[in-house]
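A.B. asks: If you read the sequences in order, they're chains A and B.
Mapped onto the working numbering, the consecutive letters of the first sequence carry residue numbers 1 to 478.
Mapped onto the working numbering, the consecutive letters of the second sequence carry residue numbers 1 to 92.
Some hints could be false.
As the list claims (entries may be wrong) - Straight-line distance between alpha carbons at most 27 angstroms, and here's what the computed DSS-like set of lysine-lysine pairs gives:
id: 1; chain 1: B; residue 1: Lys76; chain 2: A; residue 2: Lys89
id: 2; chain 1: A; residue 1: Lys364; chain 2: B; residue 2: Lys76
id: 3; chain 1: A; residue 1: Lys89; chain 2: A; residue 2: Lys54
id: 4; chain 1: A; residue 1: Lys130; chain 2: B; residue 2: Lys33
id: 5; chain 1: B; residue 1: Lys71; chain 2: A; residue 2: Lys130
Stated by the list, open to error - Simulated restraints on C-beta separations:
id: 6; chain 1: B; residue 1: Ser46; chain 2: A; residue 2: Asp267; range: 24 to 30 angstroms
id: 7; chain 1: A; residue 1: Ser182; chain 2: B; residue 2: Glu73; range: 26 to 32 angstroms
id: 8; chain 1: B; residue 1: Pro65; chain 2: A; residue 2: Gly458; range: 54 to 60 angstroms
Stated by the list, open to error - Per the computed footprint, the stretches of chain A lying under chain B, defined by three or more beta-carbons under 8 angstroms from a beta-carbon of chain B, are:
id: 9; segment: 31–40
id: 10; segment: 52–63
id: 11; segment: 125–133
id: 12; segment: 168–181
id: 13; segment: 270–280
id: 14; segment: 299–309
Hint data in this document are derived by calculation from the structure and do not stem from the laboratory.
All C-beta atoms, glycine included, are put in the ideal place defined by N, C-alpha and C.
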Amino acid sequence: MSAYETIIGLEIHVQLLTETKIFCACRNQFEAETSTNTCPVCLGMPGSLPVLNKKAVELACRFILAVGGDINTTSVFARKNYFYPDLPKGYQISQHELPLGKSGTIRVETDDGTSGVKLQGIHLEEDAGKSFHLEDSSNIDFNRCGTPLLEIVTMPVIKSAHEAYLFLNRIRQIVQYLEISSGDMEKGALRCDANVSVRPEGQHEYGIRTEVKNLNSIRYVEKALSYEVNRQINLLEQGGFVVQETRLWDENNNRTVTMRTKEESPDYRYFPEPDLPPMKLDNEWLEEIRDAIPELPHQKIDRFVREYSIPQYDAAVLTSTVNLADYFEQTAKLCKNPKQVSNWIMTEVMKTMKDEKSDPEDLKVSPKNLAGLINNIENGTISGKIAKEIFAEMAFTGKESDEIIAARGLQQITDKKVIEQAIKQVLSENPANLKRYFDGQEKLFGYFVGQVMKKTEGKASPHLVNQILKDKLDGRKA
Amino acid sequence: MAISSEEVRKIAWLARLRFEPDEIEKYKEDLSKILDYFKILDDIDSSGIEFTKSANSAPLRDDIPYQSLPKVEALKNAPAVKDGMFNVPKVI
Chain A
1 MSAYETIIGL
11 EIHVQLLTET
21 KIFCACRNQF
31 EAETSTNTCP
41 VCLGMPGSLP
51 VLNKKAVELA
61 CRFILAVGGD
71 INTTSVFARK
81 NYFYPDLPKG
91 YQISQHELPL
101 GKSGTIRVET
111 DDGTSGVKLQ
121 GIHLEEDAGK
131 SFHLEDSSNI
141 DFNRCGTPLL
151 EIVTMPVIKS
161 AHEAYLFLNR
171 IRQIVQYLEI
181 SSGDMEKGAL
191 RCDANVSVRP
201 EGQHEYGIRT
211 EVKNLNSIRY
221 VEKALSYEVN
231 RQINLLEQGG
241 FVVQETRLWD
251 ENNNRTVTMR
261 TKEESPDYRY
271 FPEPDLPPMK
281 LDNEWLEEIR
291 DAIPELPHQK
301 IDRFVREYSI
311 PQYDAAVLTS
321 TVNLADYFEQ
331 TAKLCKNPKQ
341 VSNWIMTEVM
351 KTMKDEKSDP
361 EDLKVSPKNL
371 AGLINNIENG
381 TISGKIAKEI
391 FAEMAFTGKE
401 SDEIIAARGL
411 QQITDKKVIE
421 QAIKQVLSEN
431 PANLKRYFDG
441 QEKLFGYFVG
451 QVMKKTEGKA
461 SPHLVNQILK
471 DKLDGRKA
Chain B
1 MAISSEEVRK
11 IAWLARLRFE
21 PDEIEKYKED
31 LSKILDYFKI
41 LDDIDSSGIE
51 FTKSANSAPL
61 RDDIPYQSLP
71 KVEALKNAPA
81 VKDGMFNVPK
91 VI
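Could you build the full structure based on these sequences and the hints that come with them?
C.D. replies: Okay, here's the thing in structure tokens:
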């Protein structure tokens, strides 16, 4: 089988977190009771006129500036004409020839370094109503109609399904960091369509592409795109050819299926929206928006690696959300060993959050208390094993580790005499095992350590137990 | 400017209209005449005129909610109502 190159371009729609819709003052809350957030504008009644929401423009500009894109200070809205029952006007107000934003790059950390995914265009448009397909008819709820959407289109530069997944994840992170969208794919706040093609390595022209839709969960994206890439390669390998068409991801059967074959590209007959003059933006306002942009995920990753000397992998996990990153920083500032803090957060803390389906803010273990626990390990008061038990209690009660250690007498035993005494007991209680050990079954060493730990209720310093036991056994052997 | 029957059929489909064969002939003529009429614009010298320059900016509205239509009013224009929503012929 010859080698193939994969080329993917993504089209992403992000619902913006505004109070009201993009062209009318209805609430932007499509989960409200059906048909309660509509008006003549978003129902497409004759004679109604759109008025642009300033906040939607601001949030869109925040994104464009954050990813290093250029803003067209004069941009134009356009009508995209098509008939579908979720679109009452018979056209969607979008942007076409002069969109709000162009270019920009999104950095993604891949398995072999970083890649910069270049963006082609970023523009504002309105969402359509939400359809519910019944047995023999369809219901449409127009609460969602007119929700402000930011459409982000990449250049065809993504090289694998995995990179597409990483990119989408990064977009989700960025919109959450910028507080412009919830980024929740399951709820449709972030949606993704993909253009996929493959070509034999070395071929200059692009292969025929298909468009894959219905990628409505971050988990499906990689699966669906891998499936589609392999499907296309298999077709070409068998001497067939790819048909330009739209395919739907069928999550129940883990495959893509034909939705419609494109005999001709859709005829949207774009033209400038006569009800909205061109939108002109003031440079001063744009500078204000730029100044308010917070630190972005990739910047945080780099800073964590630099300031806390933790691996990039750790930094990427810890910066997955702003709250988690803050939790790490607040804890690390109170500890000497940031890597230890990172280890604790990536295991116990994240496991607890997952079990409780909670956020760092809801966690009963505050950064200060976690730092206290880690410092207890670092200064030898408790062993790492006991610390996990203490953490579980902290997560349940919200108490400090010092309090739990004192109440339950969990201080680590570092008194050599006490440990020696325990070892003596264990050895005298296990003459048969001791003989087998001296006969060459050296792995019994671990068994003895375990017995000593058990005898001390897990409180003996494992380091000291190992050391003293080894001295004792080596002494007897000689 | 002559329009073909094929083009008339396509435009009709885009507008979700169905024409009888004799109507296609009629609209072929009508649409051709309309396009010819627009040729008047060809005589205007529009060089140097950018349409984005001539207009004022689209006004921007503050993001403050205003009362929406009562549900009953909103659903008045629906062809049919089911489960408190617009009900339409099956689309998928």
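A.B. asks: For each hint, tell me whether it holds in the structure or not.
C.D. replies: Structure-based check of all given hints:
no. : hint                                        : result
1   : Lys76(B) with Lys89(A)                      : holds, 16 angstroms
2   : Lys364(A) with Lys76(B)                     : violated, 51 angstroms
3   : Lys89(A) with Lys54(A)                      : holds, 22 angstroms
4   : Lys130(A) with Lys33(B)                     : violated, 41 angstroms
5   : Lys71(B) with Lys130(A)                     : holds, 16 angstroms
6   : Ser46(B) with Asp267(A): 24 to 30 angstroms : holds, 26 angstroms
7   : Ser182(A) with Glu73(B): 26 to 32 angstroms : holds, 30 angstroms
8   : Pro65(B) with Gly458(A): 54 to 60 angstroms : holds, 59 angstroms
9   : 31–40                                       : holds (count 8)
10  : 52–63                                       : holds (count 6)
11  : 125–133                                     : holds (count 4)
12  : 168–181                                     : violated (count 0)
13  : 270–280                                     : holds (count 6)
14  : 299–309                                     : violated (count 0)
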